[in-house]
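There are 2 protein chains.
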Amino acid sequence: MTYLIGIDGGGTSCRAAVADRDGRILGRAKSGAANILSDPDTALQNIIEGARAAFVEAGLDPAGITKCFAVLGLAGHNVGDAVHYVRRSLPFAEAHIESDGLIALQGALGDKDGAVAILGTGTIYIERQGQNVRYIGGWGFTIGDLGSGARIGHALLQETLLVHDGIHAPSPLTSSVLAEFHNDPREIVEFARLAKPGDFGRFAPRVFEHAERGDVIATLLLATAVWSIDEVLDRLVAQGTQKVCLLGGLAPLYLRWIAKRHQSRLTEPEADALTGAVALALARYGVDRSSAHER
Amino acid sequence: MTYLIGIDGGGTSCRAAVADRDGRILGRAKSGAANILSDPDTALQNIIEGARAAFVEAGLDPAGITKCFAVLGLAGHNVGDAVHYVRRSLPFAEAHIESDGLIALQGALGDKDGAVAILGTGTIYIERQGQNVRYIGGWGFTIGDLGSGARIGHALLQETLLVHDGIHAPSPLTSSVLAEFHNDPREIVEFARLAKPGDFGRFAPRVFEHAERGDVIATLLLATAVWSIDEVLDRLVAQGTQKVCLLGGLAPLYLRWIAKRHQSRLTEPEADALTGAVALALARYGVDRSSAHER
Numbered sequence: 019m020t021y022l023i024g025i026d027g028g029g030t031s032c033r034a035a036v037a038d039r040d041g042r043i044l045g046r047a048k049s050g051a052a053n054i055l056s057d058p059d060t061a062l063q064n065i066i067e068g069a070r071a072a073f074v075e076a077g078l079d080p081a082g083i084t085k086c087f088a089v090l091g092l093a094g095h096n097v098g099d100a101v102h103y104v105r106r107s108l109p110f111a112e113a114h115i116e117s118d119g120l121i122a123l124q125g126a127l128g129d130k131d132g133a134v135a136i137l138g139t140g141t142i143y144i145e146r147q148g149q150n151v152r153y154i155g156g157w158g159f160t161i162g163d164l165g166s167g168a169r170i171g172h173a174l175l176q177e178t179l180l181v182h183d184g185i186h187a188p189s190p191l192t193s194s195v196l197a198e199f200h201n202d203p204r205e206i207v208e209f210a211r212l213a214k215p216g217d218f219g220r221f222a223p224r225v226f227e228h229a230e231r232g233d234v235i236a237t238l239l240l241a242t243a244v245w246s247i248d249e250v251l252d253r254l255v256a257q258g259t260q261k262v263c264l265l266g267g268l269a270p271l272y273l274r275w276i277a278k279r280h281q282s283r284l285t286e287p288e289a290d291a292l293t294g295a296v297a298l299a300l301a302r303y304g305v306d307r308s309s310a311h312e313r
Numbered sequence: 019m020t021y022l023i024g025i026d027g028g029g030t031s032c033r034a035a036v037a038d039r040d041g042r043i044l045g046r047a048k049s050g051a052a053n054i055l056s057d058p059d060t061a062l063q064n065i066i067e068g069a070r071a072a073f074v075e076a077g078l079d080p081a082g083i084t085k086c087f088a089v090l091g092l093a094g095h096n097v098g099d100a101v102h103y104v105r106r107s108l109p110f111a112e113a114h115i116e117s118d119g120l121i122a123l124q125g126a127l128g129d130k131d132g133a134v135a136i137l138g139t140g141t142i143y144i145e146r147q148g149q150n151v152r153y154i155g156g157w158g159f160t161i162g163d164l165g166s167g168a169r170i171g172h173a174l175l176q177e178t179l180l181v182h183d184g185i186h187a188p189s190p191l192t193s194s195v196l197a198e199f200h201n202d203p204r205e206i207v208e209f210a211r212l213a214k215p216g217d218f219g220r221f222a223p224r225v226f227e228h229a230e231r232g233d234v235i236a237t238l239l240l241a242t243a244v245w246s247i248d249e250v251l252d253r254l255v256a257q258g259t260q261k262v263c264l265l266g267g268l269a270p271l272y273l274r275w276i277a278k279r280h281q282s283r284l285t286e287p288e289a290d291a292l293t294g295a296v297a298l299a300l301a302r303y304g305v306d307r308s309s310a311h312e313r
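Those protein sequence lines, which keep their order, are chains B and U.
One rule links them: number in the working numbering = place in the first sequence (from 1) + 18.
One rule links them: number in the working numbering = place in the second sequence (from 1) + 18.
Worth double-checking, as some hints may not be accurate.
From chain U, some residues computed to sit far from chain B (all C-beta separations above 10 Å) [as the list claims (entries may be wrong)]:
1) PRO80
2) ILE161
3) ARG302
What follows is a set of in silico ranges between Cβ atoms, one per label pair, in the way DEER data are often shown [to be verified]:
4) B:ALA277 <-> U:ARG279: 28 to 38 Å
5) B:PRO190 <-> U:ASP99: 28 to 38 Å
6) B:GLU205 <-> U:ASN201: 38 to 48 Å
7) B:PHE209 <-> U:ASP59: 40 to 50 Å
8) B:LEU238 <-> U:SER193: 25 to 35 Å
9) U:LEU284 <-> B:ARG220: 35 to 45 Å
10) U:GLY232 <-> B:PRO223: 40 to 50 Å
11) B:GLY267 <-> U:VAL255: 40 to 50 Å
Derived from the structure by calculation, the hints contain no laboratory data.
Beta carbons: idealized from backbone N, C-alpha and C, even for Gly.
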């Protein structure tokens, strides 16, 4: 008997699930990072290790993974070389690689139409209407990812320098940042010079916390970030989107700040991205493909 | 007889002047780049070559530079190691290294109080009241330099992606950018990933041009940039500054956009940065130091 495998591979960890040909999940497991862009060989190793561990968890012989059909959701799926290399090297009978965003959308919405706003260190929006899937944003930190944790943290450090220079009035938020850098703007500049998006992003929760307390600068920074999200939601709604799930690490923090006009469209995700990967595997490789598509 | 030397060393070229002990400029010359941070040895070589060429231009024996007193205005003057290395290696009898900004201020304002706003690829403000000199901004592209050409160009590329994604309405400005990148947002992202501040800055004049014609996006981007400058001028005025010179490549473009409340304080520079370096050399090493200070 062959099984379905779902993989949710991210930069921090890789999660795997094994399901029967009716899509019932039998076992789940977690392994190390699966970033196919920065380290494809480690990613491959962790994908395989995760799949084997899910088999063990389900009480199955892990050697069976070679007979499986798999759907993998991977960041960087749109970068051709990495994907070809990984797909060629996977041990599964058949494998289909999708974006990490698409399996998240599938998990969150099931087979319904709608959109997900993935709000984490970066931001990306995915909209599905029937068979049409459309990506918005997701262009990365340098000139994109508005509303992301990285951009919020970046804006906070910039604002802190303006306060230091006496251009803007201080607030408890900027004072806490200045204190952290020993009141030395050069330390902030040096930090920012070397910072990766995740390093900026670690300041984002602090902005939300201070905004809750009415900190003027936190409120302004957050309003700018929220505006950039509301603008995309406006666009999605204009295109016919009725349901939006907020996903990603900042989703619970953003929830109450999203504009009133969008609040009625926000829905809780039905399931997680790993479940979405299994659902896509079921649709593609399930025992009765046509019925799976119609669910 | 010994002479005074002024040096204006920048990332593109190095300018040098020789003057007599009364500060009368006898010869000027130009040599290659003098970036003491990225390439101190080439900088040293171009500083010496410039000084010798100024002597030749003045009809003097270039061997005489070793008896001179020099003031050098150099970008990166606040980075200790580079400055110590360059100062130790200079062939002059005495040498004093200042910021490129301070010699620009000295040239622009002479010995009067006031401030300069240096608006180019980056932005920095320098204010002088009597013997007190204060720097504002100049923290570099990553989290500073608001209103700079680099930040304007960066904002334009970001806006162009928002237009591509259908979040904002297009304008002739963003259409011209999209066309330049073959209507492919990935080309813009890739450009931005590799771009140095100067690469972003090359888009800034286009924003000014389109704003002159009433382009909506250009007007908005420019308003944001101008606001960041007006805010600093507000701060300078609150501290007592009465005169402001706009310097740098974007100064003539910005002039008409600066807020009305500041227009009466804007003045033309008296002289250039090289003249400022000579003036500082005169004040420091001139034939009658006390009278030079009192001028």
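Provide an ascending list of the numbers of those earlier hints which the structure does not satisfy. Result: hints 2 and 7 break, sorted rising.
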